[in-house]
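Asker: So the chains spell out like this:
Protein chains: 2
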Amino acid sequence: MRETPCLVIDVTKMNANIKMMADAVRQRGVTLRPHIKTHKTPSIAKAQLDAVAVGITVAKVSEAEVMAAHGIDNIFIAYPLIAASKIERAVKLSRQIQLVVGVDSDEGARRLSEVAGRLGHELQVRLEIDTGLQRTGIPYDQAVALASRIHTLPHLKLTGIFTFRGALLDGKPTMDLERAGREEGELMVRLAESMRAEGIPIADVSVGSSPTGLYAAQVQGVTEVRPGTYVFNDRMQAAFGVCSLEDCAGVIEATVVSRPSEHYAVIDGGSKTFATDVQPGTNPLQLKGFGHILEAPDAVLERLSEEHGVIRLEPHHMLKVGDRVRIIPNHICSTLNLHNHFYFIDGEQSEKVPVLARGMLE
Amino acid sequence: MRETPCLVIDVTKMNANIKMMADAVRQRGVTLRPHIKTHKTPSIAKAQLDAVAVGITVAKVSEAEVMAAHGIDNIFIAYPLIAASKIERAVKLSRQIQLVVGVDSDEGARRLSEVAGRLGHELQVRLEIDTGLQRTGIPYDQAVALASRIHTLPHLKLTGIFTFRGALLDGKPTMDLERAGREEGELMVRLAESMRAEGIPIADVSVGSSPTGLYAAQVQGVTEVRPGTYVFNDRMQAAFGVCSLEDCAGVIEATVVSRPSEHYAVIDGGSKTFATDVQPGTNPLQLKGFGHILEAPDAVLERLSEEHGVIRLEPHHMLKVGDRVRIIPNHICSTLNLHNHFYFIDGEQSEKVPVLARGMLE
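From first to last, the protein sequence lines are chains Y and V.
What the first sequence shows, in full-length UniProt numbering, is residues 1 to 362, in sequence order.
What the second sequence shows, in full-length UniProt numbering, is residues 1 to 362, in sequence order.
These are computed hints drawn from the structure, not numbers from a lab.
Please note: incorrect hints may appear among the correct ones.
Which copy is meant is left open, because identical chains are indistinguishable; a pair holds if it fits in one copy or across any two.
As the list claims (entries may be wrong) - Straight-line distance between alpha carbons at most 27 Å, and here's what the computed DSSO-like set of lysine-lysine pairs gives:
1) K288 <-> K172
2) K13 <-> K352
3) K46 <-> K13
4) K13 <-> K288
5) K19 <-> K46
6) K92 <-> K157
Next comes chain Y alone, as it looks inside the complex (with noise of 0.2 Å):
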């Protein structure tokens, strides 16, 4: 019997996962070039790859070179290098696969450009937009000035754009997805056609995201989508209605080790087990807890401290000392972040899986 608490991977459903977005970026004439940042285990990265994916997608150099040493070969760093060291790394990685990194500023550029240069190489690179989330990503109408510009640089060849919106519209959250992905493509769209106007070959237009990526991939003109929660799926994408709970391939098992009052029970599993990155009742999706839980669904994981995890429950509910349940968590990708190893889970079959390149960080 695993030990509590742990992170089980269902595979039937992740597999399931996986083929539903192949076929549909396959429907939509897309490539996929899916975020490692949900599961950060290289053979998870390999199966999305054999069903259709072009490559992946990392925030940092550290997953790239774990990712690497595990065969995989085309890897695009979504993410600003601003240090030497890690551009170094970048430059060493780019001579043995396929590696494209993100820029948002001048000051990236000229730092990207001068190590490429210095170590004798050229960087492919793609300029990230702000599309209305205000965090990294040019802002949308200081793009076409900035690619003429990194265009011009030496030693960095700019072959395309990409962003990342999410949930996002006038830069509210919403639930309309359909319409913030399709704005989400259609503004990458117009912007490619602008740079191209100035003579920057523009090949890749590249967006987010789970929730939104398929809307914005019906938009022609848009070449690749870049999700990552979808391959597990989790509370927050069952809320966003792009799944139902049944498609969430990742849950914690944990353990009742208390029941000091009618009113609530405790697991062996809070805040070092459970991200508190998605906050219950805040919006759009106004989530009760920290988790659904499949043995009382109406109960609410209400609490968090580093170890212990309060369900407030209805007097009725059962749940005794001893007891296992199993709680899909609001957020996955985060939660995963937490765990050293996972479990896969096949029928009776369980394999103990160490998340190789979890808290990469550098």
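On the provided structure of chain Y, position chain V as indicated by the hints.
Answerer: Coordinates of chain V only, in the frame set by chain Y:
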């Protein structure tokens, strides 16, 4: 130069915090059994033991195993052990070191007794008391009766009671730490006396926490405190007034990777780097943002996604792409749990230290 984002621990500040607590418990005449959740690192536990601590506190059998493997021989697992496999591991450990385990229910006690008996061993236990937090712990008014029943069980030796309440009064978050701590201590001492009147030889009366522990320890009859966070301190402790920001030994070093607008900067650390369990704007602390930025104290680390931290700036802030910032996190314990290693800095010296008991869940 260290790659960012990373967690850096100032050795001088850490040692001063260790000494402050050692002096304080000596002055109060109580023993110190620090919770290692804050550092998860055997070498730091040893520094605490060298200063004055009689042993350490952990939450997981796996943490106890890591600490014991590194020579620590007096450990309290302050958590109810329920699964037979975990109790077996605890029994095994208690043949090698001085081990005490928590218990808070009849069912938990029955399981401990059964497994210890089967393995021909006696386990030393402490009963956890709920003094208001409503987490684990037997409700206060049922504690004497449960203690009497545990006292009669074979293979268990009940030697103490323990609680964790934190900054709470009448079930609500409070800034009145002195009253909260004193109440916690008084409740526990009164309860120990009631148990002794029933013939149960309660020796250890053990209380939390970094904010309230030293107040509780002033109550005559409290024998032990189990603070954790004091070893590093953090922004939450400073907001409680139990330390200053200058006493915070742990900071995140991050790099500005994007400055798309005069109103915000983006750093290379998000919710994989900073814990999100202590949310901005929550009672009683009302912290602004996810950390205190030493280089821009009035700027707000307002939004985190997994790899991005968005800092809201006034236009006068001069942060530019490539700048390094140092940020005191809201909650150092859960933040450290995200990091595979940290850096000890001591003057010009920098040493990379693995977090050996990080992510111990099972």
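Asker: Does each hint fit the structure? Answer for all of them.
Answerer: Checked hints:
1. In this assembly of identical chains, the alpha carbons of K288 and K172 lie at most 27 Å apart whether taken from the same copy (21 Å) or from different copies (21 Å).
2. Proximity of K13 to K352 under the C-alpha cut-off of 27 Å is restricted to the intra-copy arrangement: shortest distance 17 Å within a copy versus 40 Å between copies.
3. With identical chains, the CA atoms of K46 and K13 are at most 27 Å apart within one copy only, with a shortest distance of 16 Å there and 46 Å across copies.
4. Taking the shortest Cα distances, K13 and K288 sit within 27 Å of each other inside one copy (24 Å), while across copies they are farther apart (41 Å).
5. For the homomeric pair K19 and K46, the shortest alpha-carbon distance inside one copy (13 Å) is at most 27 Å, but the shortest distance between copies (52 Å) is not.
6. Within a single copy, K92 and K157 get their C-alpha atoms as close as 16 Å, which meets the 27 Å cut-off; across copies the closest is 61 Å, which misses it.
Hint violations for this structure: none, all hints satisfied.
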